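Peer 1: Sequence:
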Amino acid sequence: MTNGDFYFIEENPTFKPFVLTDYKVPGWLREIQLLSNGEPGLPVSQPDPDPQFGDCNDLTWIKTNDVLDPRGILQQRSHDPPYFQLAPLMPPQTQAQYERHQLQLITSVLSLRTGASPFNLILDDLNQRATLLLREFIFRGLSRNLNIVLVSFETLQSHPSVNYIPGYEMTSADQLYTAIAQSLSGHKESLVIIDSLHEPLTLGIDIPTLFDLVVLQHASTLIGVYHRDLLPSSNNPTSAYQPTALEIIDFLATTILTCTSLSQTLAKKAARARSLPEPIFGLGHSADGIVEDMLSNSDDNRGIVIDAEFRRRSGRAETERYFLRSSQEPDYEPPGPGSVIGKLKKEFVVLLDRLPEYASSSSPAVIDKAGEGMENGNEMKASFELGLTEKQKKAREEVVLPYYDAQRRMGEAGEGGRILYDMGSEDDFDEEEDEI
Numbered sequence: 001m002t003n004g005d006f007y008f009i010e011e012n013p014t015f016k017p018f019v020l021t022d023y024k025v026p027g028w029l030r031e032i033q034l035l036s037n038g039e040p041g042l043p044v045s046q047p048d049p050d051p052q053f054g055d056c057n058d059l060t061w062i063k064t065n066d067v068l069d070p071r072g073i074l075q076q077r078s079h080d081p082p083y084f085q086l087a088p089l090m091p092p093q094t095q096a097q098y099e100r101h102q103l104q105l106i107t108s109v110l111s112l113r114t115g116a117s118p119f120n121l122i123l124d125d126l127n128q129r130a131t132l133l134l135r136e137f138i139f140r141g142l143s144r145n146l147n148i149v150l151v152s153f154e155t156l157q158s159h160p161s162v163n164y165i166p167g168y169e170m171t172s173a174d175q176l177y178t179a180i181a182q183s184l185s186g187h188k189e190s191l192v193i194i195d196s197l198h199e200p201l202t203l204g205i206d207i208p209t210l211f212d213l214v215v216l217q218h219a220s221t222l223i224g225v226y227h228r229d230l231l232p233s234s235n236n237p238t239s240a241y242q243p244t245a246l247e248i249i250d251f252l253a254t255t256i257l258t259c260t261s262l263s264q265t266l267a268k269k270a271a272r273a274r275s276l277p278e279p280i281f282g283l284g285h286s287a288d289g290i291v292e293d294m295l296s297n298s299d300d301n302r303g304i305v306i307d308a309e310f311r312r313r314s315g316r317a318e319t320e321r322y323f324l325r326s327s328q329e330p331d332y333e334p335p336g337p338g339s340v341i342g343k344l345k346k347e348f349v350v351l352l353d354r355l356p357e358y359a360s361s362s363s364p365a366v367i368d369k370a371g372e373g374m375e376n377g378n379e380m381k382a383s384f385e386l387g388l389t390e391k392q393k394k395a396r397e398e399v400v401l402p403y404y405d406a407q408r409r410m411g412e413a414g415e416g417g418r419i420l421y422d423m424g425s426e427d428d429f430d431e432e433e434d435e436i
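Residue numbers for the sequence shown follow full-length UniProt numbering, beginning at 1 and rising by one.
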């Protein structure tokens with residue numbers, strides 16, 4: 001009879017007559033015990049009698065696999081595996097996996113996938129405008145049959161399939177809100193593009209209100225372009241603790257795309273390879289004159305460089321540099337019935353490091369070509385001459401310098417090295433001062 005059987009019979013005296021003389025419990029009684037109290041052999045109401053100790057403070061009798069519960073009952077430690085298993089450490093990400101992940105991020109943003117990036121902020125300047133990037137957004141939106149709304153403050157013409165809203169004719173913020181709401185009503189998913197956020201901020205438009213109207217109420221995507229080389233709007237914060245308009249839209253943006261010129265990027269990399277200061281373009285010269293688009297007369301139609309910052313919901317940001325070339329007609333399939341532009345055949349945006357022109361810009365030929373500007377007369381200008389004339393070079397060669405005398409006397413070391421100098425008539429030497 002086990003301890004569990006003993007306590008079970010003590011609690012149920014009616015079963016005591018059925019115990020055999022050799023203190024064996026019948027099988028049917030053991031089944032009743034299993035149904036009532038659980039497994040046999042486990043204490044039910046009270047623990048086993050305490051063993052006899054020589055010293056109560058000596059705990060050496062406790063086995064290593066035993067443990068005392070909060071009630072003071074000695075129990076055997078369970079060897080079962082824990083309820084949760086730690087996930088194995090992820091192996092280090094390879095370069096191919098990293099590039100594939102970064103391309104998926106930019107593809108989801110450019111393809112306007114649902115929930116990928118509700119508010120895309122595009123930063124550009126006179127060195128590189130965002131026209132090519134906006135055109136790509138419009139083409140990919142039309143390929144998905146989205147309702148595209150263009151709130152124009154600078155663009156006079158647009159695609160015939162785009163809902164054009166002349167924002168430069170709006171005189172108040174409420175008028176602009178109403179026009180956008182009418183263009184979005186009746187469509188499941190839309191794309192709203194504002195080609196310049198400077199003018200709406202001047203009108204006093206509240207960016208959070210515009211974000212709520214487009215993203216939250218109509219489940220659409222908002223794209224805004226902010227020119228970095230323009231002066232701040234007139235509605236500057238009255239308090240030093242109040243954020244500026246650019247800080248607000250930068251906080252609300254889920255993706256920030258900064259447009260950079262490819263030719264300037266290559267020139268800066270070539271300068272870094274030569275350990276030279278990076279060249280300055282545009283307004284960075286701080287020179288007086290007429291502000292003109294540097295790319296208006298340029299034939300560099302290869303594409304633009306995009307510095308992207310993707311912000312996750314957790315707050316973590318991922319940055320990467322891409323190259324986006326101008327889209328061509330063979331990049332899209334023929335349009336189907338009811339569509340203006342066909343689907344994209346293959347993604348053509350690449351990482352900047354994978355661009356052949358950028359990867360080979362550190363070669364000696366490209367570096368020497370980047371330094372031709374300094375060799376063609378664009379060297380540093382100063383108010384003094386650093387070079388020497390022929391007369392100065394000849395006079396420098398005739399100068400007699402002191403020499404070091406370390407000759408030996410009689411085969412032994414002499415007084416050591418001495419500096420000998422022959423005084424001329426123009427030298428002024430004070431013997432008294434020398435004695436001191």
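No lab work stands behind these hints: they were computed from the structure. No experiment lies behind these values; they were computed from the predicted model shown. No residue lacks a Cβ here, since even glycine has one placed at the ideal position from N, Cα and C. Among these hints, one or two may not hold up.
Ranges between beta-carbon positions, derived for each pair [what the hints assert, rightly or not]:
{"hint": "1", "residue 1": "E347", "residue 2": "R274", "range": "44 to 50 Å"}
{"hint": "2", "residue 1": "F251", "residue 2": "R274", "range": "36 to 42 Å"}
{"hint": "3", "residue 1": "S185", "residue 2": "S161", "range": "17 to 23 Å"}
{"hint": "4", "residue 1": "R228", "residue 2": "L203", "range": "16 to 22 Å"}
{"hint": "5", "residue 1": "Q392", "residue 2": "D353", "range": "47 to 53 Å"}
{"hint": "6", "residue 1": "R311", "residue 2": "T202", "range": "52 to 58 Å"}
{"hint": "7", "residue 1": "S161", "residue 2": "A219", "range": "17 to 23 Å"}
{"hint": "8", "residue 1": "D353", "residue 2": "R396", "range": "34 to 40 Å"}
{"hint": "9", "residue 1": "L231", "residue 2": "Q104", "range": "58 to 64 Å"}
{"hint": "10", "residue 1": "A181", "residue 2": "A271", "range": "46 to 52 Å"}
{"hint": "11", "residue 1": "S172", "residue 2": "N145", "range": "30 to 36 Å"}
Peer 1: Taking 44 to 50 Å as the stated bounds, is the beta-carbon spacing between E347 and R274 within them?
Peer 2: violated (34 Å)
Peer 1: Is 34 to 40 Å right for how far apart the beta carbons of D353 and R396 are?
Peer 2: violated (50 Å)
Peer 1: Between L231 and Q104, is the Cβ distance one that fits in 58 to 64 Å?
Peer 2: Given a distance of about 38 Å, which is not inside 58 to 64 Å, the answer is violated.
Peer 1: Lying within 47 to 53 Å: is that true of the beta-carbon distance Q392 to D353?
Peer 2: holds (50 Å)
Peer 1: With 36 to 42 Å as the target window, see if F251 and R274 comply at their CB atoms.
Peer 2: The hinted range 36 to 42 Å holds for F251 and R274, with Cβ atoms some 39 Å apart.
Peer 1: Given the hint of 17 to 23 Å, check if S185 and S161 actually sit that far apart at their C-beta atoms.
Peer 2: holds (18 Å)
Peer 1: Tell me if the beta carbons of R228 and L203 are separated by a distance inside 16 to 22 Å.
Peer 2: holds (20 Å)
Peer 1: Please test the hint of 30 to 36 Å on the beta carbon pair from S172 and N145.
Peer 2: Once the Cβ atoms are compared, 33 Å apart, the range 30 to 36 Å for N145 and S172 holds.
Peer 1: Could you say whether the range 17 to 23 Å given as a hint is met by the Cβ separation of S161 and A219?
Peer 2: holds (21 Å)
Peer 1: Okay, R311 versus T202 on CB: inside 52 to 58 Å?
Peer 2: violated (27 Å)
Peer 1: Does the Cβ pair A181, A271 satisfy 46 to 52 Å?
Peer 2: holds (50 Å)
The structure shown violates the earlier hints numbered 1, 6, 8 and 9.
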